[in-house]
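Number of protein chains: 2
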Amino acid sequence: MQRTSFETMNCSVAQCLEVVGEWWSMLIIRDAFLGVRRFDDFQSRLGISRNILNVRLTSLVETGVLERVPYQERPLRHEYRLTDKGRDLWPVLTTMREWGDKWAAPNGAPLEVVHDACGEVMHLKHTCSTCGEPADRRSVRVRPGPGATPSDFDRTALVAPT
Amino acid sequence: MQRTSFETMNCSVAQCLEVVGEWWSMLIIRDAFLGVRRFDDFQSRLGISRNILNVRLTSLVETGVLERVPYQERPLRHEYRLTDKGRDLWPVLTTMREWGDKWAAPNGAPLEVVHDACGEVMHLKHTCSTCGEPADRRSVRVRPGPGATPSDFDRTALVAPT
Numbered sequence: 511m512q513r514t515s516f517e518t519m520n521c522s523v524a525q526c527l528e529v530v531g532e533w534w535s536m537l538i539i540r541d542a543f544l545g546v547r548r549f550d551d552f553q554s555r556l557g558i559s560r561n562i563l564n565v566r567l568t569s570l571v572e573t574g575v576l577e578r579v580p581y582q583e584r585p586l587r588h589e590y591r592l593t594d595k596g597r598d599l600w601p602v603l604t605t606m607r608e609w610g611d612k613w614a615a616p617n618g619a620p621l622e623v624v625h626d627a628c629g630e631v632m633h634l635k636h637t638c639s640t641c642g643e644p645a646d647r648r649s650v651r652v653r654p655g656p657g658a659t660p661s662d663f664d665r666t667a668l669v670a671p672t
Numbered sequence: 511m512q513r514t515s516f517e518t519m520n521c522s523v524a525q526c527l528e529v530v531g532e533w534w535s536m537l538i539i540r541d542a543f544l545g546v547r548r549f550d551d552f553q554s555r556l557g558i559s560r561n562i563l564n565v566r567l568t569s570l571v572e573t574g575v576l577e578r579v580p581y582q583e584r585p586l587r588h589e590y591r592l593t594d595k596g597r598d599l600w601p602v603l604t605t606m607r608e609w610g611d612k613w614a615a616p617n618g619a620p621l622e623v624v625h626d627a628c629g630e631v632m633h634l635k636h637t638c639s640t641c642g643e644p645a646d647r648r649s650v651r652v653r654p655g656p657g658a659t660p661s662d663f664d665r666t667a668l669v670a671p672t
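Sequence order for the protein chains is H and S.
According to my numbering, the first sequence is numbered sequentially starting from 511.
According to my numbering, the second sequence is numbered sequentially starting from 511.
For the record, the hints were derived by calculation from the structure and aren't laboratory data.
Treat each hint with caution, since some may be false.
Note that identical chains are pooled: a pair holds if it fits in a single copy or bridges any two copies.
No farther apart than 25 angstroms at their CA atoms in a straight line, the calculated lysine-lysine pairs in the DSS-like style are these [to be verified]: (1) Lys612 with Lys635; (2) Lys595 with Lys635; (3) Lys612 with Lys595.
With the rest of the complex left out, here is chain H (with noise of 0.2 angstroms):
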């Protein structure tokens, strides 16, 4: 199936795809998340192609999702770090993992998320920034924004509540 680019389209669901939509990305950034930051590494633990690797690699820093820092000079060698761009994945990692937990983890979560405030083990609550009261698919109504084109009502003017 040909990889079409979303770069052209309003959405922003799309543009986050856009840069991390391959499959592979997210999974590098995962790892980054756990303090992964050389390619070797990221290597043996992805099981990935170096090829392929250094395509996605290159990829997430021209999108400036990861830099890429010398940390030694002779021979130079660079790691890869997440940026403020890359650390702002984290709720789209967290509520990826949370979903894959629940419905597709039949002997339980690989991996545990321990908050550090009250040491259990964390499950993300979401709730509105403004008024602090639960947010979820039913509280919530969609517009068109400030970055609406005309197209974009169309698209508003078709929904209904699921």
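Dock chain S against chain H, hints included.
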């Protein structure tokens, strides 16, 4: 680049990507949350070929994210509805959208989500479901879970804070 199956990876992020990692799939799911149910509506909104759309919808039905439900008898017509498993992708979709709004929407958010409880444009705040304190990448640590395999212990052993 060859698509690899992540089915055998003991990782919930990979399992989520196994279901929704294909780009069109997440945009189909986005439109399903916006109330789209019929093949022709998905097709015209996504600007996707009927063949690719059919493959992706069939896959989403097989993985249990959508269900195919008759809505008309003569001639027989079906529509696609999110299942509980599909509706549980709302946080993944929403965190993707918020990331795209912040990092890849130079003209502003194409779509705004308004929170019923307060009437304000909603941004998610992530908290711990146990203690209610904020949850972010800095306030958690990971450890092998009940579904961990020996190699997962290696995986988490490598971990350093980012």
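Hints, verified against the model:
no.	hint	in the structure
1	Lys612 with Lys635	both (15 angstroms within a copy, 21 angstroms between copies)
2	Lys595 with Lys635	both (23 angstroms within a copy, 18 angstroms between copies)
3	Lys612 with Lys595	between (27 angstroms within a copy, 9 angstroms between copies)
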